[in-house]
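*Asks:* Produce the complete structure using the sequences and hints provided.
These protein sequences, in sequence, are chains A and B.
Everything in the first sequence is counted per the working numbering, starting at 1 for the first residue and increasing by one.
Everything in the second sequence is counted per the working numbering, starting at 1001 for the first residue and increasing by one.
Simulated from the structure, these hints should not be mistaken for laboratory data.
Watch out, some of these pointers could steer you wrong.
[As the list claims (entries may be wrong)] Taking lysine to aspartate or glutamate and the EDC-like style, the derived pairs with C-alpha atoms no more than 16 angstroms apart in a straight line are:
hint: 1; chain 1: A; residue 1: K129; chain 2: B; residue 2: E1238
hint: 2; chain 1: B; residue 1: K1168; chain 2: A; residue 2: E145
hint: 3; chain 1: B; residue 1: K1237; chain 2: A; residue 2: E90
hint: 4; chain 1: B; residue 1: K1168; chain 2: A; residue 2: D143
hint: 5; chain 1: B; residue 1: K1083; chain 2: B; residue 2: E1145
hint: 6; chain 1: B; residue 1: K1237; chain 2: A; residue 2: E128
Just so you know, these numbers come straight off a predicted model, no measurement behind them.
Letter by letter, the chains look like this.
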Amino acid sequence: MQAASGGRKEIRMEQLREQIFRLCAAPGLPGDERGVAAVLARELAPLSGRVETDELGNVYAWLGESGAKERVLLDAHLDQIGLIVTRVGEDGLVRADRCGGADRRVLPGAPVVIYGAEPIPGAVAVPEKEDNDAPLLIETGLDQEALSRLVGPGDRIALWQRPAALLGSRVSCAALDDRAGCAVLLRCAELLQGEELSCEVVLQFSALEEIGGQGARAGAYRVRPTRAIAVDVSFAAQPDVPPEKCGALGGGPMIGFSPVLDGAMCRALRALAERLSIPYTCEVMGGETSTDSDPIAVSRSGVRTALLSVPLRYMHTPAEVIDLRDVEHTAQLLAAYLKGVRE
Amino acid sequence: MIDWNLLRELCAIPGVSGDEDRVRDRILRELAPVADEVRVTPLGCIVAGKCGRERPRVRVMLCAHMDEPGFLVTRVCDDGTVKLAPAGELPAVSLCGRPALVCTAAGDLPGVIGAKPIHLLSAEERGKPVPAKDLYLDIGALSGEEARRAVRPGDRVVFDAPWSETEKTVSGRALAGRAACAALLSLLREQPAFDLTVAFTTLGETGAGGIRTAASDVQPGAVLVAGAAGAGSPADKEAPCRLGEGPALSFMESGVVYDRGLYRGVLETARRLEIPCQERLAADGGAAAGRAASHTGVRALAVGVPCRNPGAPVSLMAKADIANMARLLAAAAEAVASGG
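*Replies:* Structure below.
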């Protein structure tokens, strides 16, 4: 029996890995999330009868009992950090700035893809001298004439990424922040299939988190939830980071505690994790969380909001790492919570 | 004609100094049908002979190094991360937060070179390169035990990066050394005017022991060292050389001054045959190869394919420069061998 259940678990991890790689392979830069939104719509089709998009690029999927008194918003953000074209120079170099909080240290010599009229591979030039205010230069090997046909100011640029299966259930890819959260919501919807829910659930995949959370703000305004849980990534323990800031790879969801989060919901999630023996850690923050839970909590008259985070290493680099078990455990905790929401 | 698919293949093969076997095997396969004599030296260099239509007055050796900069695993830590020692010329500004490959006895294993999240950096740390001693590799191991089963000290680590091509350029990892290898392979497909020796050397990134021993082994009368020359961006007015303007001849690098006669002769040959060629307008750069090539007392000259971001995860070169490198080396070898 045990061997069989172990086998099923492995197959489940395999499917999860492939789904996450599909989500990461599609581009979704702040304000231009169409690529990943299209992939997501396909993944959602078998799970929800009502999938919608809005003007900002958010994607919504509705589950549970339509018109129930409790409407729970689950949020994960669609966008990933990257760069944005500011100018195509006469010298054939593309000038760019950061779009979201990309780490400047990982940019020199980094391969990128410019999403112009077609995807164009390039690399960030290694600067002649250290100057953090100098514009980023991107070389593509194309001359100015070809470039000006294909690339214009405002085009988004993604860091090149290579989905990779590491040892055990760890995976690495560039956009795991927050495609890991998107995968949690998809898996949660899968776990809820065939379940009788007493609440309405809206999965909200928000645009624009990395530059300020406008997607989640507009989404919460539209959905009018009675409560919300945001699912993002947060810091997993790694050698150069103080342990008090961290969860751990394989340590399960990080349950957020912060003045802006609803204490009762956070404690309920913690109690549920303990009851179900789902591993978890607590992530305690002294103020805003720098996630979509901040704008959601202050939507309209206010929304009771919790935050679950998947532990992730090397955030905002093309080398992000997560443990697939944490995605699964976060989804299980979310699904169990939703089953318990009663009027 | 440069075989771009072959260059793409060569760039994909990891080959950090001292672990060039797989690059060598691929080059040996390419040499089998075109070289008249091929042997491998004790340090792993390939020495290939090609008969010409005539015997040379001066025996010329052309060489290029097969290895690339990268890292060696030094220690597996108890938390499962892996410490690294850099090998060769890696640009200090572009090391952390990168996808990587570890070459283990059981095959290549994906990993990443870690970086502290930007959100947790102090003001002093922001935008500052991480020194090599503070780097570590993550292969997804959660314990030292798990990591030690997969990785051993001494295993080589390289950046993983994509290949791309436009009509005029190629871009990829390990391009700095492999483009010169591809240029030498392409000229070996034609019969030279004079007998020619071509060496594909090891250890180019770490002291040039490969070139030194190959030169000692071959005892040539002149050596042309093919490699890459760091090129400026089109925005850089003071660039020592530029992409698309032909292979760059070095008159000096820090620690070696090249033979003036050879320098002028090769420049003259290029002008006579209208092969695009540029003078590298700088006296800096790594001199190990040039010194090693001439250590037996022979004349030597370094010729580099202009290269943007050498040693970075991806470098960029102009296809015309690589093709002209092959033309120039063939013509220069002929001119030198004729005793002219």
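*Asks:* It remains to establish, for every hint, whether it holds in the given structure.
*Replies:* Results of checking the hints against the structure:
no.	hint	in the structure
1	K129(A) x E1238(B)	13 angstroms, holds
2	K1168(B) x E145(A)	13 angstroms, holds
3	K1237(B) x E90(A)	14 angstroms, holds
4	K1168(B) x D143(A)	9 angstroms, holds
5	K1083(B) x E1145(B)	15 angstroms, holds
6	K1237(B) x E128(A)	12 angstroms, holds
Of the hints listed earlier, there is not a single one the structure fails to meet.
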